[in-house]
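Colleague: Here is what each chain is made of, one letter per residue.
There are 2 protein chains.
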Amino acid sequence: MTVPGERSNTESMQYLGARVKAASAVLANITTAEKDEALKIGADCLVAATSEILEANCADIERAQIAGTPDTVIDRLRLDTSRVDAMGEGLRQLVALTDPIGKIVEQWTRPNGLEIQKVRVPLGVVAIIYENRPNVTSDAFGLCLKSGNAAFLRGSSAAIDSNIAIARALREGITKAGLPEDALMLVTDTSYEAAIEFMQLRDHIDCLIPRGGPSLINSILDNAKVPYVIDGDGNCHVYVDEAADLDLATNVIVNAKMQRPSVCNAAESLVVHSQIAPNFLPRITNALEGVELVGDERSRDLVPSIQPATEEDWSTEYLDLKMSVRIVDNIDEAITHINKHSTGHSEAIISSNQTATKEFARRVDAAAVLVNTSTRFVDGEEFGFGAEIGISTQKLHARGPMGLEQLTTTKYIVNGQGQTRG
Amino acid sequence: MTVPGERSNTESMQYLGARVKAASAVLANITTAEKDEALKIGADCLVAATSEILEANCADIERAQIAGTPDTVIDRLRLDTSRVDAMGEGLRQLVALTDPIGKIVEQWTRPNGLEIQKVRVPLGVVAIIYENRPNVTSDAFGLCLKSGNAAFLRGSSAAIDSNIAIARALREGITKAGLPEDALMLVTDTSYEAAIEFMQLRDHIDCLIPRGGPSLINSILDNAKVPYVIDGDGNCHVYVDEAADLDLATNVIVNAKMQRPSVCNAAESLVVHSQIAPNFLPRITNALEGVELVGDERSRDLVPSIQPATEEDWSTEYLDLKMSVRIVDNIDEAITHINKHSTGHSEAIISSNQTATKEFARRVDAAAVLVNTSTRFVDGEEFGFGAEIGISTQKLHARGPMGLEQLTTTKYIVNGQGQTRG
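Residue numbers (my numbering), protein chains in the order written: chain A, 22 to 443; chain B, 22 to 443.
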């Protein structure tokens with residue numbers, strides 16, 4: 022068995038691209054049963070290869086330790102038996118999800134008798150550039166396969182041994198299921214140059230989804246020549262209106278900030294109506310015990326333990342137990358502040374006043390607006406999509422959590438009886 | 022009244038972008054009636070300014086003539102009273118179209134009681150880079166306005182006087198209608214540097230749609246840092262299957278090739294099953310009188326007047342009375358050939374065999390597949406969209422004719438009663 026996607030000096034990234042593109046043409050025309058069978062066999066092969074995968078993972082961990090990589094990063098890299106089992110389980114869970122391919126999204130007949138159908142079809146080749154987590158290799162492959170796409174994957178050099186072992190096991194499964202093994206193509210050249218080449222393979226990549234931090238995103242913006250969907254930062258706000266139920270507000274904010282502070286849908290900024298601030302701010306400060314608060318002057322007059330916020334704080338996604346606080350005099354000021362600093366991810370309002378919640382929902386420009394609930398719910402699983410490949414913070418193609426449907430496009434099929442245009 | 026979008030030496034493209042972005046926030050929250058009123062007043066102001074517009078157009082034409090511009094290009098540039106009237110009529114026709122904004126695309130309730138709505142909202146700022154036709158200034162503005170978007174327009178230097186006059190009239194109309202005049206922002210700096218700056222305004226442009234030839238498209242691919250939708254070439258094929266009705270095939274091919282050869286949905290290549298080629302090829306050659314045919318050896322054996330095709334011909338969009346011809350032995354060969362050379366626009370099959378037409382529709386990778394009808398029908402008007410901003414040949418966001426709906430995105434609104442994530 023060859024190393025997944027290996028290329029010799031005489032082979033080019035173009036060649037890998039052509040191979041995965043060829044595989045995508047096969048995947049676009051198989052049945053749901055064939056995809057599901059490949060997912061199950063892939064899961065079995067993955068779990069059966071646990072010892073090889075963990076051995077490869079040890080090599081990655083060892084390199085990282087020698088390089089002095091921080092423990093939090095090493096933790097993201099580390100696999101164990103239960104993590105490999107979870108990857109297999111993730112593939113098996115996709116079997117239960119509805120196959121989006123072939124669905125007639127719309128159909129109508131024109132006055133001249135032409136029958137037009139808009140049908141859901143795969144994108145073709147979905148490329149993912151990702152950072153240290155090796156489970157993305159398996160998760161991304163599964164979502165691509167179920168949606169009829171070939172997966173063209175480029176992980177980080179830190180996880181390369183793990184990724185190769187995982188991809189090898191999955192490619193074995195794909196082959197056993199009678200599908201082309203290039204349905205999962207892993208780029209093993211993890212150089213910067215290869216990454217740039219990868220994101221410019223316009224003939225072979227239909228959609229690129231980067232999963233990583235700001236430097237990866239910026240590299241995509243600077244260099245990509247293929248269509249992409251950005252899964253960006255979440256500088257999420259919770260606005261507490263003057264008509265808020267303060268118990269509810271407290272529960273929701275504690276959840277949004279503290280339940281898992283390191284993720285993109287965690288809240289980063291608290292915006293409070295001046296009318297209720299004297300009552301609410303001391304209370305929420307107590308409830309957010311352990312969270313470092315920085316705020317504007319008015320908030321600090323009310324709660325002296327709040328440290329001064331700099332201008333930069335309003336635009337910062339802390340991903341940590343830290344939160345900015347700002348007092349506003351009305352909902353208009355809240356919306357203006359949020360739209361100025363939002364990254365377009367998820368924004369919440371706490372209010373019992375329907376006029377206020379409707380205005381907020383209408384005017385706030387974000388993928389998701391939450392009314393009286395936590396920003397943490399903006400997630401493919403929580404939305405009921407079953408799984409997600411990321412959360413889009415752009416407006417084109419997909420906005421918000423991306424499930425199987427967001428990995429598809431449509432095709433028009435026009436049935437005629439010899440009509441010509443006059 | 023100021024010149025639309027004029028900037029002084031101390032003002033930047035960023036400043037123009039910030040202005041149009043601010044206008045977009047207003048447009049996102051107005052009623053259908055307000056948009057329709059602005060379209061009608063805009064149309065009136067445009068027609069009222071006919072003499073100023075034609076005077077400006079004369080200046081453009083004169084410059085073009087001095088520069089030795091070809092007549093066909095000058096024709097695209099030229100306006101007259103009836104063309105200005107048609108622009109006004111185009112705006113008025115948008116009034117009758119359904120406003121896509123505010124539509125609830127989907128809604129569901131989660132087991133925890135969260136009510137999720139997916140609502141259609143404007144993109145925000147839609148940017149268009151276009152070539153010589155000055156009517157795009159008015160057409161693009163109208164489609165953007167009706168879909169709640171601000172229009173950020175950058176036409177060519179050749180049409181700059183006409184574009185300024187048109188934009189000035191429309192901005193007067195917008196102001197009269199009580200909307201921000203920056204809802205139409207025309208970039209009057211037509212330098213190459215300004216175009217590059219324009220396509221990199223990531224903070225201010227939500228979607229860029231280039232309307233022009235390959236050099237513009239390549240410039241977008243090389244330089245753009247904003248999300249874009251490519252309206253690309255149409256190397257459209259018609260495949261005549263062995264089970265084709267040859268009368269129907271002849272009519273459709275003549276229509277697809279000859280009715281308007283200069284447009285992207287005209288057919289450029291004829292693919293014929295070898296079984297019917299001896300009968301059909303002489304016949305279609307006669308019917309395509311005036312069309313220069315180039316073909317493979319087998320086609321030339323059957324019809325000696327067909328000239329030899331080079332490898333390049335298979336990938337060429339002639340946009341002229343010229344067509345390539347190829348003989349294939351079965352539908353699989355036809356599909357493989359088409360998928361290899363297609364630009365993903367529109368591909369047709371002529372066949373009475375439903376197994377063949379279904380296989381073709383499933384396997385051909387294009388925005389539109391036509392069965393027993395002309396490729397010329399792939400068009401926003403012909404699809405019933407009322408108007409179109411272009412035809413997308415990419416798979417992300419929009420594929421095929423782009424009407425009002427393709428100028429929108431969605432937003433999730435999640436209504437809760439205090440739910441928190443466990």
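Honestly, the hints are just simulated from the structure, not real lab data. Heads up, a few of these hints could be off.
Since the list gives no way to pick one copy over another, a pair counts as held whenever it fits inside one copy or between any two copies.
What the hints assert, rightly or not - The calculated SDA-like cross-link candidates involving lysine to any residue, where the alpha carbons are at most 20 angstroms apart (straight line), are: (1) LYS197 with VAL47; (2) LYS246 with SER236; (3) LYS197 with THR53; (4) LYS61 with ASN156; (5) LYS197 with ASP353; (6) LYS139 with GLY407; (7) LYS246 with PRO235; (8) LYS197 with THR90; (9) LYS139 with GLU426; (10) LYS379 with HIS358; (11) LYS361 with GLY111; (12) LYS139 with GLU127; (13) LYS379 with ALA49; (14) LYS379 with GLY439; (15) LYS343 with LEU323; (16) LYS61 with HIS358; (17) LYS379 with ALA46; (18) LYS42 with GLU354; (19) LYS361 with ALA49; (20) LYS197 with GLU403; (21) LYS246 with ARG223.
Colleague: Give a verdict on every hint.
Modeller: Each hint tested on the structure:
no., hint, in the structure
1, LYS197 with VAL47, "within (15 angstroms within a copy, 57 angstroms between copies)"
2, LYS246 with SER236, "both (17 angstroms within a copy, 15 angstroms between copies)"
3, LYS197 with THR53, "within (17 angstroms within a copy, 56 angstroms between copies)"
4, LYS61 with ASN156, "within (17 angstroms within a copy, 56 angstroms between copies)"
5, LYS197 with ASP353, "neither (60 angstroms within a copy, 26 angstroms between copies)"
6, LYS139 with GLY407, "between (24 angstroms within a copy, 17 angstroms between copies)"
7, LYS246 with PRO235, "both (18 angstroms within a copy, 15 angstroms between copies)"
8, LYS197 with THR90, "neither (38 angstroms within a copy, 63 angstroms between copies)"
9, LYS139 with GLU426, "both (14 angstroms within a copy, 14 angstroms between copies)"
10, LYS379 with HIS358, "within (17 angstroms within a copy, 54 angstroms between copies)"
11, LYS361 with GLY111, "neither (38 angstroms within a copy, 35 angstroms between copies)"
12, LYS139 with GLU127, "both (5 angstroms within a copy, 17 angstroms between copies)"
13, LYS379 with ALA49, "between (42 angstroms within a copy, 14 angstroms between copies)"
14, LYS379 with GLY439, "between (50 angstroms within a copy, 17 angstroms between copies)"
15, LYS343 with LEU323, "within (18 angstroms within a copy, 78 angstroms between copies)"
16, LYS61 with HIS358, "neither (49 angstroms within a copy, 35 angstroms between copies)"
17, LYS379 with ALA46, "between (45 angstroms within a copy, 16 angstroms between copies)"
18, LYS42 with GLU354, "between (50 angstroms within a copy, 18 angstroms between copies)"
19, LYS361 with ALA49, "between (42 angstroms within a copy, 16 angstroms between copies)"
20, LYS197 with GLU403, "neither (34 angstroms within a copy, 47 angstroms between copies)"
21, LYS246 with ARG223, "both (6 angstroms within a copy, 16 angstroms between copies)"
Taken one by one, the earlier hints fail for this structure at numbers 5, 8, 11, 16, 20, listed in ascending order.
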